[in-house]
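Residue strings, one per chain:
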Amino acid sequence: MNAETIVLLTILVPVVGSFATPLASLLSRRARSVWAILVSAVTAVLPLTLIPLALQGGELVVRKSLVLGLDFVLIIDPLSIFMAGVSSFVGCLIVVYSVGYIHKEENQNEYYLMVLLFIGAMMGLVFSGNLIFLYLFWEIIAISCWRLIGFYREPAHVRKADKAFLVTFFGAVVMLLGFIQIYGVTNTFDITAMRGTLVPGTAVLLILFGLFSKSATIPLHTWLPDAGVAPTTVTALLHAAVLVKIGVYAFARLFLYTFRLPEGWQQAIPIIVVVSSLVAAGAAAVENDIKRILAYSTISQIGYIFLGFSVANAAGISGSLLFILMHGLAKAGLFLCAGIVIHAVHTKDIREMGGLVKTMPVTAIAFLVCSFSVIGIPPFGGFFSKFLVIMGTVQAGRPWLAAAALFTAVLTMYYLFRVFSLVFLGELKHPAPEKTKSMVFVVAVLAVLSLAAGLFVAYPMKLVNIATTEMSWWLR
Amino acid sequence: MTPKMLLLPILLPAVLAVVLLVIPRTLRLVRDALALAGAAALLYYGFVFFSLKDLRFNVPWLGMGIDFDLRLYHFSSFILLALAGFLILIILYSTVKMKDAPRAREFFAYVFLTAAFANGAVLANNFVPLVFFWEGLLVTLYGLITIGGRPTSGRTAVKALLISGFCDFSMILGIGLLWTVSGTLTMSQVSVEPTGLAAIAFVLMMIGAAGKAGAMPFHTWIPDAAVDAPVTFMAFLPAAFEKLLGIYLLARISLDFFKLRPGSGLSVLLMVLGAVTIVLAVLMALVQKDLKRLLSYHAVSQVGYMILGIGTAVPFGIAGGLFHMINHAMYKCGLFLSAGSVEHRTGTTELKKLGGLRKEMPLTAFGFTVCALAISGVWPLNGFVSKEMVFHGALESGYTVFAIAAWVGAIFTFASFLKAGHSVFFGERTREIPAVKESQPAIVVPILVLAALCILFGVYNKLPLTLFIQPILAGHAEAGAHLDFTSHALDIFNPVALISIGCLVLAFLLHRHGFLKSGRKPYLASEPVHNLPVVHKLYDLAEARVFDPYEQGIKVLHGLSLVLYKAVDRPIDFVFEKVVTVAGEKFTAILRKAHNGHYANYLAWCLAGLIIVAGAISLLAK
Chain A
1 MNAETIVLLT ILVPVVGSFA TPLASLLSRR ARSVWAILVS AVTAVLPLTL
51 IPLALQGGEL VVRKSLVLGL DFVLIIDPLS IFMAGVSSFV GCLIVVYSVG
101 YIHKEENQNE YYLMVLLFIG AMMGLVFSGN LIFLYLFWEI IAISCWRLIG
151 FYREPAHVRK ADKAFLVTFF GAVVMLLGFI QIYGVTNTFD ITAMRGTLVP
201 GTAVLLILFG LFSKSATIPL HTWLPDAGVA PTTVTALLHA AVLVKIGVYA
251 FARLFLYTFR LPEGWQQAIP IIVVVSSLVA AGAAAVENDI KRILAYSTIS
301 QIGYIFLGFS VANAAGISGS LLFILMHGLA KAGLFLCAGI VIHAVHTKDI
351 REMGGLVKTM PVTAIAFLVC SFSVIGIPPF GGFFSKFLVI MGTVQAGRPW
401 LAAAALFTAV LTMYYLFRVF SLVFLGELKH PAPEKTKSMV FVVAVLAVLS
451 LAAGLFVAYP MKLVNIATTE MSWWLR
Chain B
477 MTPKMLLLPI LLPAVLAVVL LVIPRTLRLV RDALALAGAA ALLYYGFVFF
527 SLKDLRFNVP WLGMGIDFDL RLYHFSSFIL LALAGFLILI ILYSTVKMKD
577 APRAREFFAY VFLTAAFANG AVLANNFVPL VFFWEGLLVT LYGLITIGGR
627 PTSGRTAVKA LLISGFCDFS MILGIGLLWT VSGTLTMSQV SVEPTGLAAI
677 AFVLMMIGAA GKAGAMPFHT WIPDAAVDAP VTFMAFLPAA FEKLLGIYLL
727 ARISLDFFKL RPGSGLSVLL MVLGAVTIVL AVLMALVQKD LKRLLSYHAV
777 SQVGYMILGI GTAVPFGIAG GLFHMINHAM YKCGLFLSAG SVEHRTGTTE
827 LKKLGGLRKE MPLTAFGFTV CALAISGVWP LNGFVSKEMV FHGALESGYT
877 VFAIAAWVGA IFTFASFLKA GHSVFFGERT REIPAVKESQ PAIVVPILVL
927 AALCILFGVY NKLPLTLFIQ PILAGHAEAG AHLDFTSHAL DIFNPVALIS
977 IGCLVLAFLL HRHGFLKSGR KPYLASEPVH NLPVVHKLYD LAEARVFDPY
1027 EQGIKVLHGL SLVLYKAVDR PIDFVFEKVV TVAGEKFTAI LRKAHNGHYA
1077 NYLAWCLAGL IIVAGAISLL AK
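From first to last, the protein sequence lines are chains A and B. Going by the numbering used here, the final residue of the first sequence carries number 476, and the count climbs one at a time with no gaps. Going by the numbering used here, the final residue of the second sequence carries number 1098, and the count climbs one at a time with no gaps.
Heads up, some of the hints might be wrong.
What the hints assert, rightly or not - Taking lysine to any residue and the SDA-like style, the derived pairs with C-alpha atoms no more than 25 angstroms apart in a straight line are: (1) A:Lys160 <-> B:Val535; (2) A:Lys160 <-> B:Ala1065; (3) A:Lys160 <-> B:Trp537; (4) B:Lys1054 <-> A:Thr202; (5) A:Lys462 <-> B:Pro627; (6) B:Lys480 <-> A:Pro460; (7) A:Lys160 <-> B:Lys1042; (8) A:Lys462 <-> B:Arg1046; (9) A:Lys348 <-> B:Thr660; (10) B:Lys1069 <-> A:Leu166; (11) B:Lys1054 <-> A:Arg159; (12) A:Lys462 <-> B:Ala918; (13) A:Lys160 <-> B:Val1051; (14) A:Lys358 <-> B:Phe1050.
Note that these hints are calculated values from the structure, not bench results. Please read all numbers here as calculations on a predicted model, not as lab measurements.
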């Protein structure tokens, strides 16, 4: 198979596979689970086969002509391969975990359909090199996200789902206006054709609305903690694998790979994202709902990813790319650990938990490992990404922002260990064992991967470095 | 010997840690044997590396000038050897002391993991591997403290983690600035003048090093850990490993990375930090009622001498600071191990309950006494020599006030150890503790080895000074300076030493006065100082943790979080939840009124729309 076929399959397998899920359920519940895992596993493996290609560097652009200049363009470069690999891999692990987590719920057909469609749309978004297709996949993601957040069908939950949908949809529509303005300048929607142009400041503002709403950055962030009403698997998917990462990915694709940012925005964006990071960390230190804490933590970490990209030097960009991987692994681990805990003790309030390390040792250790990784403590993977982002920020001549980011890291340590101490240490309040083996297995895998990604960081770093040099044409 | 061998001090303990973690509890003998063999191998390679002195291992790692670069040279090989020496003593001691601890497996694993990280940090010749190993110690620090298993252990572990994490993060920022200034991350190539941005980098990195060593104000977790963590941990990390690492890095910072000049502002800053640490911590140590807590405050106070010595930036002072580092690691480790031995047999370390143990535990008592005299700076033990060097250095730097502070520290150090030794081993035997016997050989041997080394390094101080300390300074002192220290008097017949001895006499009188005044109860000997009018209030506030920067810092963190949440996050959410939805409802209500079902109305809408569209097209067509 050549790269083009592989990429088309990466997009089509989950999209087509998702609609076939209800058919599989006609056979049996088991067949549906197997089918879902199979589809997501294939989606996870396909981008991995492209890694040798990515390591050679260079990019491959595939163009299929359609009407009205809306060419279907695929960009196969180290950046898209890296992103697709991370998302589909974490997504696959979450699907495996789902089998244990939602086996008693209703509407499982809808669940698996939406999850697979979610992953498929993500793959489409990652590889598409046309602004309009980018937008299309962007909105498919919004729709499946909306269904999944309101999965439990309770009126309050549906309201939160509506909120998430409306905020991100509003952002996306504003972003579309930005795309149209760019079309006015470049006369094309093809990203590859507009590389190196200076975009107008207003278009940047409009597009940032879309990116910040999807990647939950202040002031468009409050839907993300509210989306915690979804099943924990969905929150993990939103936070670690797909949803919030598309904003940062699009930022890298548009404002690093494609355009040059106006000077004012180069100065302003790092400040906005550091503030966002700090405020979210503060909120996480106050909240008592474990999922809301983790959600604010995501907002805070997303700030780092934006920071690295927006300072736009080699250390910052490679740090941020690595951050996508490390945060994906660790945050998925944290949410899935929280899922096991919530499943067992039937509450989300950390003040009502305690002493669970005695009955759930594996979950406790996995949570601890993933916490260390999110805080940025070696030998876990999160250290390298955060360290490089900080180094990049200092090198860009913004030591004050780096200091604020490091202060946020101290705050991260404070609130994550507050959670760990309250949930796992102290006196045992709800003696509940770790039940489902597949769920415990997945969190253990994520914890081991967080460690392995730190010990063998040189391997992902190779790909990240190539992706960085490929996209940062202005540094060459 | 290939350069790859440099990976051994890192990989061997790391692999051993994993093995020790999975060996089942029932195979205790296998575990102990493996741990001892591993530590012995590390010590053997410590000697091999020390005789080699020059080896470099460098492979590309992350790109951008970030290599996995290890370098063995005189300084790092000395620290490597010292770390291995302490490791084997601690392991030997732990085979008995941690035998029945519920999480003994984890303890051994964390100890070896700590050794792996520490060795890596010492060998690193690139700032990124340095930070990698250095910060990795946070993980084992957290794990080791929680092993204490007391209800407050978790809290103390988080406290240690947050304080050390803060220091490490500030070091990262310093390294970032230094990278920007110097343009390279290779440690052996960095040497800048500490001015402007580089001065800030110096201070930030100094916080990292001093924080690891446990200097004020980053010390407050250590006295808490003394109660909440296993005593073996105290002898291992805060007494030995962290001092060696912290002072190693501080010396590298002020000798190599930055050119610290005598009399410069940064030099004075370091000396102030050192002097304040000496005096305040020793005053806290003086009034402690628990042996482990008392020792932990001394572990802080003594760092002050090392920082003061290095801060003088004169060769003699730096050598004194470094010599004090190794001396302190030996006697403080010995002291904590003795306290552990007492705890092992009597089950307590409260001074009030103990007394007269010298007859039942003569070897422990001997080891404790030697180490206590060494830390107090009694001639001819090692503490006397290194403290003299620091006094000389401080006087040479021209700031007599710092020498005075160091002497004040010496008075109270001796006074508090007279109190401690008197309460535990001498004086009358208390009735609260049933008859005990001497601890097992595995506990006593490490204590005696350390005591013997204290004597050796004191009596033959030329040996460690020429073998370990002087080569570190080679190439750093200005041309023509004497590095053999023959011009300096290190015996008792010189004015500086006479003042020091005067301090000891004063301390003895202080103790005697307190002892007699409190009705011959040695554990109350410090009460006259404790009860001085204003001092008493200050002590009460200190006991209430008012001066604990951590407690205050947590309040600030929590307050700031509340402000960010209530003043930024919630108002934004309010806009989405209330303002936008209400506005939307109002707007749709108006539209709803327009939809009244009359055809004429809809027709009018359509016409209006058509006219607008036509107008727009005609405008655009122009």
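Comparing the hints with the structure gives:
1. A:Lys160 <-> B:Val535: violated (51 angstroms)
2. A:Lys160 <-> B:Ala1065: holds (22 angstroms)
3. A:Lys160 <-> B:Trp537: Outside the cut-off at roughly 45 angstroms; violated.
4. B:Lys1054 <-> A:Thr202: violated (28 angstroms)
5. A:Lys462 <-> B:Pro627: violated (45 angstroms)
6. B:Lys480 <-> A:Pro460: Answer holds: Lys480 (chain B) to Pro460 (chain A) is near 23 angstroms, not above 25 angstroms.
7. A:Lys160 <-> B:Lys1042: This hinted pair holds, its Cα atoms lying about 20 angstroms apart.
8. A:Lys462 <-> B:Arg1046: violated (42 angstroms)
9. A:Lys348 <-> B:Thr660: violated (48 angstroms)
10. B:Lys1069 <-> A:Leu166: Between Lys1069 (chain B) and Leu166 (chain A) the Cα gap is close to 24 angstroms, so the pair holds against 25 angstroms.
11. B:Lys1054 <-> A:Arg159: holds (13 angstroms)
12. A:Lys462 <-> B:Ala918: violated (49 angstroms)
13. A:Lys160 <-> B:Val1051: OK: Lys160 (chain A) and Val1051 (chain B) at ~15 angstroms, within 25 angstroms.
14. A:Lys358 <-> B:Phe1050: violated (40 angstroms)
Of the numbered hints given earlier, the model fails hints 1, 3, 4, 5, 8, 9, 12 and 14; all others are met.
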